[in-house]
Amino acid sequence: MAEESILTDDFLRELINVGEVDILIGVPTYNDAATVGQVVQAVRAGLVEYFPRERAVIVNVDGGSRDATRDLVRAASISDLQRVSDLHALRTLHSISARYAGDPAPGTALHAILTAADLLRAHACAVISPSSANIQPEWINQLLRPVCRENADLVTPVYCRNKFDGLLVRNLLYPMTRALYGRRLREPHPAEFAFSGRLGNHLLAQDIWSQEIGQIGAETYLVIQAVTGGFRLAQSFLGPKLRIDQAAADLVKALRQSVGVLFWALQQHPLASATNGESQPIPTNGPEHQVSVEPVRVNRKRLYQGFTHGVAELEPVLSSILSARTLAELRRAATLAEDDFRYSDELWASTVYEFAASYHKAVISRDHIVQALAPLYRGRAYTFLVENRDAKGEEVEANVEALCQTFERLRPHLLEVWDGGK
Amino acid sequence: MVLASPQDTLWYKDAIIYQVHVRAFYDSNGDGIGDFLGLSQKLDYLQQLGVTALWLMPIFPSPMRDDGYDIADYYSVHPAYGNLDDFKAFLAAAHQRDIRVIIEMVLNHTSNQHPWFQESRGSRDNPRRNWYVWSETDTRYRGARIIFLDTELSNWAWDPVSKEYYWHRFFSHQPDLNYDNPAVREEIWKVMKFWLEMGVDGFRLDAVPYLVEREATNCENLPETHAILKEFRARIDKEFPGRMLLAEANQWPADLRQYFGDGDEFHMAFHFPLMPRMFMGLKLEDRKPITEILQQTPAIPESCQWCLFLRNHDELTLEMVTDAERDYMYDEYAKDKGMRLNLGIRRRLAPLLDNDRRRIELMNGMLLSLPGTPIIYYGDEIGMGDNINLGDRNGVRTPMQWNGGWNGGFSAADPETLYSPLLLNPVYGFQAVNALSQARFDHSLLSWMKHIIKVRKSTPVFGRGSIEFLYPANHRVLAYMRQLGKETVLVVNNVSSSAQAVELDLRRYKGNILIEMFGRNIFPRIGDLPYLLTMGPYQFYWFRLRRV
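Chains Y and V, in that order, are what the protein sequence lines are. Going by my numbering, the first sequence opens with residue 68, and the numbers climb by one from there. Going by my numbering, the second sequence opens with residue 1188, and the numbers climb by one from there.
The hints are simulated quantities; they were obtained by calculation from the structure and are not laboratory data. Certain hints may be false.
[Stated by the list, open to error] Label pairs and their calculated CB-CB ranges:
#, chain 1, residue 1, chain 2, residue 2, range
1, Y, G353, V, Q1482, 20 to 26 Å
2, Y, A101, V, P1647, 53 to 59 Å
3, Y, R188, V, H1630, 43 to 49 Å
4, Y, Q347, V, D1518, 53 to 59 Å
5, V, A1511, Y, E217, 21 to 27 Å
6, V, R1694, Y, E361, 25 to 31 Å
7, Y, D134, V, Q1482, 55 to 61 Å
8, V, Q1482, Y, N201, 58 to 64 Å
[Claimed, not checked] Keeping only pairs whose Cα atoms sit at most 16 Å apart, straight-line, the calculated EDC-like set for lysine to aspartate or glutamate is:
#, chain 1, residue 1, chain 2, residue 2
9, V, K1641, V, E1548
10, V, K1377, V, D1260
11, V, K1275, Y, D89
12, V, K1470, Y, E279
13, V, K1425, V, E1384
14, V, K1641, V, D1629
15, V, K1470, Y, D89
16, Y, K320, Y, E355
17, V, K1350, V, E1339
Where a beta carbon is used, it is the ideal one built from N, C-alpha and C, also for glycine.
Start from the sequences and build out the full structure, keeping to the hints where you can.
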């Protein structure tokens, strides 16, 4: 049976009309009418202002929206039929929308974007989240300029985050990526990023797209490929990141898309090649970090309860994943009163590394391993909130740096448990 | 002698106009300068090309500090070109070949060597004092821009003879006439009448927006200017029906519209804003600049016509574009700053297009199929080059290249005595590019130009028909329908350097067969589905629609 193409006939027809481009901006959507209009208009303004001479296209790959998402994207075109009174564009800007084949999935959307970029021979590409309603036109410049003008292959964002936002990134993704790959990439699972056509084609050629990893975690895998493949990296400061409602977020899904991909990617690269030296900074346009400290409501109790219940309920599972020593420390921590409980940096780093090793050895279902991390992560998140409750921005950043150094220092533990015992 | 052929008062709508500088075309007497007798000898060439009207650049006596646009005598011809009898003989010979003749008429200003100015500056009491615009200060009319930015710092010049300032919108040696003075208007009418009685078929009126000045305005396109022009037109229509007035007004389309009046001012006007956008669209590989400016172009009276051109004797003007567009054009077409002059680019068609035959053909294809009367600049039909080292705009006014022999066949004079050096380089030099060589081959640019002009003349649709743009999703394709009565022509242009596929919505014409007009081959019938065409780089089609 012939393999179904990711490009529908309509999508292909739209690409034919666009032709070769210098810049492709991908916007993956699924029922994002509430915000996508603002997003594409900011993208359009950014392209007209900062890249007026480049041939550009906005490509919306949609998972089957039932709202006005696709119409809003199409309305962003600039042509001889569709003019914008406050934007004088030198050339046509297509803003196309197409349904990609298959079920809605972020990785599948990225696959469609990469395929389109390849067919249109785009030199520089960016992916913009449709929910980044606070996007400014300058983001386009910040993300694409290093690719277009400075030969960068991957540009990831640096945000000004509230100290209680981005906990998964601060406590796990950033420290672990930094420790294992030796590069201080602040956002290893970025919502918006830019990349060269060269990197895009490299990822497109990987044999991941028919696997789960290709459907749910392709963005993170792209970042890892860039870091391990000798591609030129850069970061750009974009400004504030819109807060996500933590309570509404699906933690297990987020872990699958990020941590699960990290664990999986470790299988692809010999662990011995992981860096031994100190991690290196990445060229950054703008500040490397910025923390805002305005008060936000967080439900620490819920996190603590999630941790304690999880440890209790998942005891059999955790005993097959963690070393006896780590498990014992966890049990002891789980018995402490809420005010006394702390998930220390060392314990957390050890936990994560032992999970990674167990994933590698597939001691149980790998998906269950990732799921089992959820309550432990809640405990770590609780600790972070408590320790930084009154902290200023620099102090928060110092705490994150300390955690990163702990991850780097405990790398030998990962090597020890990787193929050996617990 | 007036043209004997049937008087179609709208003849200019079907015309193929050829712009020529007498000085540059052919030298009959070996003095190194082209002349009327020489031009007469080349009328057969022009007739074979398919030209139906000639526009002669200034032929008047002049100190030639602005290539003849500084006129010193309106009632004669420059002695280097011959005499009035030579001109009359040329006129008769042109008319015998059904070629009309339009001459340049510079109304706005004269040379400072003109006797009128010499008298005017003589004293403040001279009867011709008010024939020009004098002032004790140089602060009047501050709203007027300077046109020749590269050479002039002010629109006022101090006259040491009469100790006052005089007004000049162009070079300082070209003082503006004062059109508020009825005597000036009457004299200019006499000038026009002189040439019309001789048999010329029309005038290209130079620099018409600037005739009248008023404080607190930009001194362009003023109502008083239009009133004067309408007066001239009324007199021409009454005494010389069928003669034509062509406006040189480098303005935005909305301002240009005024020059047509209600069909009672100019018959034709140059569409200046379109021209740079054709070049821009080609470089951008995007039809948007072209369609947008034509969308902004207002409808004009039925008897009126736009004049379209690709290049002319002046710099490729970038006055009527935005700053960003001008920067783009400079970066793409004039990387060498020596190519830039005033607000424009002083290059010929072929060098601008990198001597790419496909692009030259495409641009000419658009010139000859968009709505308007096309003007071909002398030498562009054979792809002549330019010499930017000659200063001012002289690099695009070099001698016509007739053959590969002595002086390119232009003149028998010693090469050092030519009014301008010939082009000698291996790419554009006269031995590589000349009319004789190209006439010998069917596939030369000259032969191609003859063919496309013939195809254009095969139907009145191009000169008199309406235009409706199709807007295919592929922005690299410019497509439009030309229609006149029952005749419909589809024009499709690929403005990109790569092959393109385009789907055209032609459902309204369902059932028609397309007949490609150059090869006259049949293309599939139009049905319900989008009409798919595949096109090579810079390729264009002209299809006649036919229902069988």
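Where does the structure disagree with the numbered hints, that is, which hint numbers, in rising order? 1, 3, 4, 6, 7, 8, 11, 12, 16, 17
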